[in-house]
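**Student:** Residue numbers (my numbering), protein chains in the order written: chain A, 1 to 127; chain B, 1001 to 1127; chain C, 2001 to 2100; chain D, 3001 to 3100; chain E, 4001 to 4130; chain F, 5001 to 5130.
Note that these hints are calculated values from the structure, not bench results. A virtual CB, placed ideally from N, CA and C, is assigned to each residue, including glycine. Among the clues, some could well be false.
List time: in silico DSSO-like cross-link candidates among lysine-lysine, alpha-carbon distance up to 27 Å [what the hints assert, rightly or not]:
#: 1; chain 1: B; residue 1: 1003; chain 2: F; residue 2: 5108
#: 2; chain 1: C; residue 1: 2092; chain 2: A; residue 2: 3
#: 3; chain 1: B; residue 1: 1003; chain 2: F; residue 2: 5002
#: 4; chain 1: A; residue 1: 3; chain 2: E; residue 2: 4108
#: 5; chain 1: F; residue 1: 5066; chain 2: A; residue 2: 60
#: 6; chain 1: B; residue 1: 1060; chain 2: E; residue 2: 4108
#: 7; chain 1: B; residue 1: 1060; chain 2: C; residue 2: 2070
#: 8; chain 1: D; residue 1: 3092; chain 2: D; residue 2: 3054
#: 9; chain 1: D; residue 1: 3070; chain 2: A; residue 2: 60
#: 10; chain 1: C; residue 1: 2092; chain 2: E; residue 2: 4002
#: 11; chain 1: E; residue 1: 4066; chain 2: E; residue 2: 4108
#: 12; chain 1: D; residue 1: 3092; chain 2: F; residue 2: 5108
#: 13; chain 1: F; residue 1: 5108; chain 2: F; residue 2: 5002
#: 14; chain 1: B; residue 1: 1060; chain 2: B; residue 2: 1076
#: 15; chain 1: D; residue 1: 3092; chain 2: B; residue 2: 1003
#: 16; chain 1: A; residue 1: 3; chain 2: E; residue 2: 4002
Calculated from the model, a selection of chain C residues having no Cβ within reach of chain E, i.e. all distances over 12 Å [to be verified]:
#: 17; residue: 2006
#: 18; residue: 2016
#: 19; residue: 2020
#: 20; residue: 2070
#: 21; residue: 2100
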Amino acid sequence: MSKRMMFVNRRAPYGTVYGLEALDALLAASAFDQQLCVAFLDDGVYQLLRNQNPAVLDMKDYSRTFAALDDFGVDKVYVERESILQRGLCDADLIEIRRENGSDAVSIMASEDMSRLMESQDIILQF
Amino acid sequence: MSKRMMFVNRRAPYGTVYGLEALDALLAASAFDQQLCVAFLDDGVYQLLRNQNPAVLDMKDYSRTFAALDDFGVDKVYVERESILQRGLCDADLIEIRRENGSDAVSIMASEDMSRLMESQDIILQF
Amino acid sequence: MLHTVNKTLTEKPSLLSCLRLAGAGSDILLIEDAVYSAIRGSTGARLLEQSRGKHQLFALGPDLECRGVKAAQLIDGIEVVDYAGFVALAVKNDTVHAWL
Amino acid sequence: MLHTVNKTLTEKPSLLSCLRLAGAGSDILLIEDAVYSAIRGSTGARLLEQSRGKHQLFALGPDLECRGVKAAQLIDGIEVVDYAGFVALAVKNDTVHAWL
Amino acid sequence: MKFNILINEGPYTHQASDTAFQFASAVFESGHEVVRVFFYHDGVHNATRLGAPPVDDRNVIARWVKLAEDYNIDMAVCVAASLRRGVLSDESASQSGRAIANLDQHFKVAGFGHFIEGAIIADRTVVFGD
Amino acid sequence: MKFNILINEGPYTHQASDTAFQFASAVFESGHEVVRVFFYHDGVHNATRLGAPPVDDRNVIARWVKLAEDYNIDMAVCVAASLRRGVLSDESASQSGRAIANLDQHFKVAGFGHFIEGAIIADRTVVFGD
């Protein structure tokens, strides 16, 4: 019986390594036959900004891997709308993540819906 | 020509090691002939609460050393009043720190005075 | 679901996110530095007081004692538990969700 | 005095403490994650806008570029500097005060 | 009931490892068991055998080792996180061309999948971080 | 102008060491000099010689070593902070009864007073942390 596992990103990229290592962890988890999803809220939404260029600081642009999440069997990406708005951002500022069939893997949702989704998980890991 | 150096504690004790290591650093600095002072603001004021008992978690009660700061030549301790009040605390909740001559080493001051004091330093180290 | 929070609001805003997203009826346990947020009159306590109807609130006793915070200083409606109580809460709830 | 801040308000409230305690006329440089706080419409930006008369505001360009934040997204009155500009600010001011 | 534990921060600097240790001890005292403790991010520093804390302080690593021995807990550090931070087993040392290793022998090196496997077999997963 | 630098966090986990490195490089490019870099708290992990980051990532420690060699920077880790965290020189290893040491040879071990001395002789002290 597989478990519902949510990987929650709440921190900005580059200032700390948590975002990068969260993605490493998610990819490792994708090898198991579980029901995985990934969520971005609070400063975690900054991880999805377009046009990142960490090469300027000799760092890796791991945000490019988000576009390939479906290849790893992770096809559900949830983003909290309030977290986007509170940061002066809008949906169009975020990168697109599509499934192999072309459909949008990203659901931008209100806090209440994010809350319900969280409550339905078996395992929640925050990074 | 000696320099004015301020050690600023802005973090709570025990949740992280910064407070303990700030005190170690302050004592090491006291061996040099500089004008040292120590300030507590934001969550740093929790370091001065009475009746700490970290032995319950097998940790060291380094707050006891504050009472002996004068022995190390540190006789100026500044605390921001706003930081105390914002935490539901009052002056009486804090430990006493006295100089060898019996006078009170602690000055509890308003933000504006703390600001002026900070601006007069040559070196400021936050922990 | 059991939610754990380990920082004060003035260290990190994770308590805020927890209170925004924790479902009604879930348990919230304050551990480590978060126990300071239960002190009456603090910014954290005012938020916690508003959420008492929605959540059952707990604070870890050894973290309170370590920091010199007495039960009398806490807002009403916070139950103090020891590590065995933390384990019991983790057993009672299907999921333990740490807000980091 | 040059004050540096390296976190967003939603990570740690150090920008709040910096703005409360930095003396009038001092320079404030946003580095690392703090550069997000200069984005127009964010909580941090609203605070920064109120303090523009009191402080000269700077943001570290490489940290903006790294994170995909464009100059056009920033509030007015923020000067973008590179690391050489950071050094120049540290030379110009007698003291560099990092808010951690 | 079976517990699976994740520790994300190093010893001393953050309280995470202390809290996890007290929690794990209470799990056994309550008649349950901790089947696995996995160390991620800076948590891998909990597995060094070179730590020499002051004699008047607790020894966080020694405490984990004793608990693991007493109750047969599986303790593992993440391979990628530990390579990055210089926590090496004999094997990872020789693979990365280093003459010495600093991983305490009571810990093993494993991929993050080892933690996920723990999460699947355990009844509860509890995370300690900062 | 002479700069004295304090680094309070370990490599990779926090950006502090990266920012300090970029700043230090710019100090030299601007015609000034960094006389001393002192590593405190988790900053002592910047001095390990066992770090093996992924090949497609920067090597934070190697970068410091090269800069220190190019410009003759004095780099030191705090003795108390490094003992606690298991970053040992040959001398501190033998004093604490360990057979091996993991401190890179380009760093020395010193008391926090070494940093204070740097603050006294330098024109500016700049701190990088989290």
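**Student:** If a hint holds in the structure, say so; if it does not, say that too.
**Tutor:** Results of checking the hints against the structure:
1. B/1003 with F/5108: It holds: about 26 Å lies between the C-alpha atoms, which stays within 27 Å.
2. C/2092 with A/3: holds, 18 Å
3. B/1003 with F/5002: holds, 15 Å
4. A/3 with E/4108: holds, 26 Å
5. F/5066 with A/60: Distance of about 21 Å is within 27 Å: holds.
6. B/1060 with E/4108: violated, 30 Å
7. B/1060 with C/2070: Roughly 19 Å between the alpha carbons, so the hint for residue 1060 of chain B and residue 2070 of chain C holds.
8. D/3092 with D/3054: Cα-Cα ~18 Å, so holds.
9. D/3070 with A/60: It holds: about 19 Å lies between the C-alpha atoms, which stays within 27 Å.
10. C/2092 with E/4002: Between residue 2092 of chain C and residue 4002 of chain E the Cα gap is close to 13 Å, so the pair holds against 27 Å.
11. E/4066 with E/4108: Distance ~15 Å between residue 4066 of chain E and residue 4108 of chain E Cα, so the pair holds.
12. D/3092 with F/5108: violated, 31 Å
13. F/5108 with F/5002: This hinted pair holds, its Cα atoms lying about 20 Å apart.
14. B/1060 with B/1076: holds, 24 Å
15. D/3092 with B/1003: holds, 18 Å
16. A/3 with E/4002: Roughly 15 Å separates the two Cα atoms, so the pair holds.
17. 2006: Violated: least Cβ distance 7 Å, not greater than 12 Å.
18. 2016: Consistent with the label, residue 2016 of chain C stays out of reach of chain E, its closest Cβ about 17 Å off (over 12 Å).
19. 2020: holds, 19 Å
20. 2070: holds, 20 Å
21. 2100: violated, 4 Å
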